Structures are given as C-alpha cells and as structure tokens.
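S.K.: Based on the provided sequences and hints, a complete structural model is requested.
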Amino acid sequence: MKKLFFLVPVLLLCSCTQIRLSPVQIADQPVSLTVNLSVEGNTDTKSLFSPDEEIVNDVNLFIFGEDGELVCKRFESGNPRSVTLELKSSVQYNIRAIANWGSELDFSNETQLQDFELQWPEFQKNGYMLMSGSESTMPVGSMVRVYLNLIRACSKVSFKVNDTALGAVQIKYAKLCQVPSAMKPFLSLNKADSVSDLVDGDSASDSDLELLNKGEEMVFYLFENMQGTLLPDNDDPWKKVPDNLKDNNALLCSYVEVKAHFDGVSSIFAGDVTYRFYLGKDNCTNFDVKRNTNYKIELIMSTNLDAVSWKITSDVSLVEEGHGFGEIYAGRQKTFTELYMGDCFQYKLNADEALEAYFGGNFEGAKLKCYSATGTESEALELGSLALVDGCWLADVRCINNSNPVEIWLWDPVRSRKVQKLNTGIIIKKPRPVFCNIVTQKPNPLSSANITINKSGTSCFVCLADEQGGRLGGKWFDNTLISISLSLRALSDTYSELCDNISAQLSKASKNSEYWGKLNYGLSYSGSPLLKGNKLAELCASGEQCFKIVLSLMDSKAEMPISVDYYPVSLNYDANSLKATLKNPSKLPFAVEYYDFTWFGSADESYDRITDDTSKDFTYTYSGETYKAYRLDCVNYENQAFGYTDKGSKLMQDGSYDLSATLLDYYTAYACFNRNNSSAAQPY
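Counting from 30, one number per residue, gives the positions in the sequence shown under this note's numbering.
Worth flagging that the hints you see were computed from the coordinates, not collected in a lab. Treat the hints with caution; some may be incorrect.
[Stated by the list, open to error] The following label-pair restraints were derived from C-beta to C-beta distances: (1) Met172 to Asp135: 27 to 33 angstroms; (2) Glu164 to Asp292: 52 to 58 angstroms; (3) Glu406 to Gly244: 38 to 44 angstroms.
[What the hints assert, rightly or not] Computed list of lysine-lysine pairs in PhoX-like fashion (alpha-carbon distance at most 25 angstroms, straight line): (4) Lys201 to Lys340; (5) Lys325 to Lys220; (6) Lys220 to Lys275.
All values derive from a computational prediction rather than experimental measurement. Even glycine gets a Cβ: it sits at the ideal position worked out from N, Cα and C.
M.R.: What follows is the structure, given as structure tokens:
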C-alpha cells in the first residue's frame, strides 16, 4: 500500500503532461524543402522602405553542404514567394539566396559565393533592388519549411531640406561623398579600408532637386560602410568633423554635401552656402552606414552661416534692407520727420516671411538698436523690448538726444549682428524754449518780459515748442528728460560792478501737465513795503539796466532779453551788526551768486566821497556819529576787524536767505559789503 501511495501522485502528475514522440529519423531519406522568401525590415531603420524596394522579382537559390560544395541551385522568376527543393534528410545545409539579379548565377562552392562582390552603382538590376539572404537547416521528415529573410544590399538616405529658419532657398546640388566602391553581400560587415576603396556617390538628379526645392523628400543609395563609433564621448554635433577624427578615418567615412543658394528676396541671405555632415546612427558619435537601413535626414538650415567649420562653407551675406520696416504705431507724431527730444511713441515692427523665418516666427528675443549713418551706435533713441500685443510686435521708444540722421536696426543678440535696417533718416530736433504769459497749444512768445522784485510777483511760463511754435507736451511727451535753468545777466558791462546777478533753476515740483514752471521773483527782503519806483539803475546810474534770461536746454542755450525792476534792501543797524534778509515767497530753489549793496543817505542828508587807497568809501551821518563804509574787495590794512557771515548756500525753510556783517570795531561801521565778481553769472 505504501508503494501505491507514492505512485498515485506521480501518475496524476504525468497525466497532465503532453508527450510528443518524434518519428524515428532515417538519414538520406528524401525530403521536400520549401524556402519561403521575405524581405527584412531592419529594426534600426529610421523610416520604412517604400513598396518599390520590397519587390522580389527573381531569386537565385543555392544549397551548399557541410563541406561547402554546391548541392543544388534554383533560379526562379516571376515574383517568387517560395522555392521547393528535393533534398536528403538529416543533412546540414547552408541556404544562400541572391534576389533580383535578373538572370541565373553559377557558383560551384560557397567560397566562390562569399567572394561574390557588387560594384558601385550595382545596387539594383532592371529597376529592382539587389538583396541577399542566408539560412542553415537540417531537414527531417518528408516535408520541411524554412523562412529566409532577404536584406537589401545597400543603405538608403532619405533626405529633405527644412528652410524655415532662413526662408526659401534653392538647392543647387546634393550628393554623397566618400562612399564604398564595392560590397560583398555575404560578408557580415563591409567597410572601406583605404581611400582607394571609395568613389563619388549618388547625387541628386534634376527631378530630385525639384523635389528638394518644393520641400519634398529625395533618396540616395550607397553601399555599407561600417566605420564604427569614432567619437564615443562627443555630445556636440558641431564637433562631428574631420579635425576630431584620428588616423585616416576622416577620409574613409561617408558624408552628405549640399549646396544651397539664397536669392536675397525670399530669404534675408544672398549667396551660396555648402553644408556637410557625416552619416551614422546618431549625430555625434557614430559613423556606421549599415546595409538595409534607411537614414532619414532633415537638413535644418543653420543661421550660423559665418561659423568657421567643415560643416559650413559660406559666401552668403545678409540682405539688410527690404524685408522689414518700422512705423509709429501710437504717439504725438505719425512720421519720423518731426521728432523732438522728449517725444515718446510706440514703434511697430513690420516683417515679411523671410525675416520672420530668420527669427523662427518669434521676435521676442530680437532687439532694436539705433545707429548713426556712419555705422556707430547712437544714443539718440531709447528703444524698448519687442512684445506681441494684439498680433503686433510693438516697442516703446523715447527720443532722448538730438541727432543727425540715425537709423533703426533689428538686432540678433544670439549672433551679435545687425540683421535688418528698418528705418533711415530719423532726425531728432531740440525743442525751442518759449517764454510766455499764457500757456496755449501755440504759445505767444515774449520778446521781453518785466519781472518786478518785491511785489506780489509776475507769473511767467517757459514752454517747449516745435519749429512751428506748437507746444510740446501731453501723454506722448516726457518733460523729465529736459532740464531748464535760468540766469540773469547784464547785457551791458558799463555798470557790471553794481548790478545784481541772480541764478535760479526751475523746480521740478512746480511742473505739471500744463506748463513747465511758474517763475515768481516777487522777493521781499525786509518784509516792509518799499517804494515801487526804486529801480536797480538808481544804484549805479540813471536809466534802466537791461537783462537777459539764458535758458539752458541740455547742451544748447537760447537767449531772450528781460527787464528787471529792483527795490533796494533795507538795512537795520543793531549792536554793531548790519543784517539783510532776502525773502523768497515763491519757494523756488534760489541761490545768491553775487550780491552788492551800499547804504545811501537820504535826500536831505549830506555825504562826502573819500578816496583812500583804491577803496570807494562813503560817509553817512546818523545819530550824530560818523561811520565809514568799505567795500569788501577794497578793504585796506585799517579794516582787519571786519567780519562776514553767510548763513547758508541755499534758502532756509521759510524761503529766506541771510547776509550779515558784524562790526568788531565800535567806531567803524560797514554799511556796504560786496563779494566781487566782475564776470557774468553762469547758469546755475
């Protein structure tokens, strides 16, 4: 029972296994061997072969024994799918096939077949692709079926040109270079070992060029050339060049050469360029050209046409005009002929397809630059970045300097070069300063203005105008770019020692959208009212002294005359000191560059002129005591005790400016002091 127990599971297990018994094999029995033919599609191919390359029109089939001698052969035509032969069983056979030769071949042994060699361009016969195949079998039984894969005797290059980067281009020729002159179909690996093994390869026919120039694909054929992976560490396609190959390898590897012509109309380039690139299973390391493999190549035109490389030989030049232009999209002006410093506008780039193609249809990375007519970069325009707004490529522009004619160019920052001249003859003019009483769209300029000091003040305006007198301003004008300063200077030097020289600058705080500034010279020195009739001329001579205002506009100056009414300063004597305070109710920035004042006696008081050294001394009798007055620039050795205090170089918070003289000698009072400045005041 114990033995039976173990037998049962064994039987159960065996009952689940199907056992097939082979028939007893008897050597040298006749066997019918059917060879099914199929065309192999290489798994390494980058695209499928076309149907025309799949046809098996005829086949030469050879059966060799183990000793390499021919056992039998068969030639079949008429698109054979299979061939049946009568052989002996249990014998090792080597099956060899050559397809599409077009006629019967004769080899007596396998060695002769191994040495069989195809000569370029013998990759096809009668329009059919030559193929070969090998298989081994030991048939048993009465009927045996063998599948034989046929592989094409050549490699295929499917080639097209992508010209979207450069615009339309005409391909003048395309060809294969350094291709093997022969190949052995039954050799496992073919390659050129010397330059003598190479010939000029397949080249594009007229119909091929027509296809390429329509953007369609053409094909090249060449024999196998398995040169291997020669640059294993390379990851840069630009380094797959002869200079980086050792020994003689550069002369043995197959490559494609293409010459293209740019007409300068449908492309922004003009001239010819030649491209070269090695074949291989990748674009960096490998140089194998394997039979039965289709290498699908798309040449994307490089914009690096000035690159120094074996890959590109170029004599092309950029067509710098005619592919784009710019216009004022929004702004105060509509043309580039009436621009002034301070003008702002939106610039619109208009480009044709060729220029768009150069930048890949996107101008976001492109830049605008300003150049003089001589080619030097200009700072006349401040050009913003291009941005796509509502389907338009726009940039903000400011006119920041006056200029002779300048140009706007489209700049390629990646390759650091000018690409397209968009506009020429742009002139930026300086605005004309206009002094006026009332601000209008076309201000009426004043030829002369009367600004009264120590009154309520006179409102005057400085506007910027164009050559026709129209006021510049508003949304599309940037007045912060322009600095205006004013200086009062005497037109006559006759009384220059005594005349006031005052420099002032317009306050930015006083600017608004309507006018540049309000000039208020209603200055009160002592706070007490003075006679309106007192004028500056009374201090120096009879008559009215004429002044002019100098307006400094960037680096230019415009001048206009102005008459100034002047009221003398009231001086107060208190405990050995004389003090004068300049009041500035306008609160405009104000600096005293040169101030001269002299105390005069009243009409019913007498004074005598004393000449002492070079001083101009005056005697004034007050409260029964006599005091001497000296000018600062004429102080002699007797006046060492004089002291002068200046309380600041700018206005105090209340708008006042203090000048004081301290009398250190009780018996000598200085009723006049002056810091001499015989030259005219400069703009502040």
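S.K.: Confirm or reject the claim that methionine 172 and aspartate 135 have a C-beta distance inside 27 to 33 angstroms.
M.R.: holds (29 angstroms)
S.K.: Lysine 220 and lysine 275 were given as a pair; does the straight-line alpha-carbon distance stay at or below 25 angstroms?
M.R.: holds (17 angstroms)
S.K.: Is it true that the CA of lysine 325 sits at most 25 angstroms from the CA of lysine 220?
M.R.: holds (21 angstroms)
S.K.: Assuming the hint says 52 to 58 angstroms, is it satisfied by the Cβ distance from glutamate 164 to aspartate 292 or not?
M.R.: Cβ of glutamate 164 to Cβ of aspartate 292: about 55 angstroms, so the range 52 to 58 angstroms holds.
S.K.: So the hint says 38 to 44 angstroms: do the beta-carbon atoms of glutamate 406 and glycine 244 match that?
M.R.: This hint holds: roughly 39 angstroms between Cβ atoms.
S.K.: Taking 25 angstroms as the top limit, are the C-alpha atoms of lysine 201 and lysine 340 close enough?
M.R.: holds (17 angstroms)
Of the numbered hints given earlier, the model fails none.
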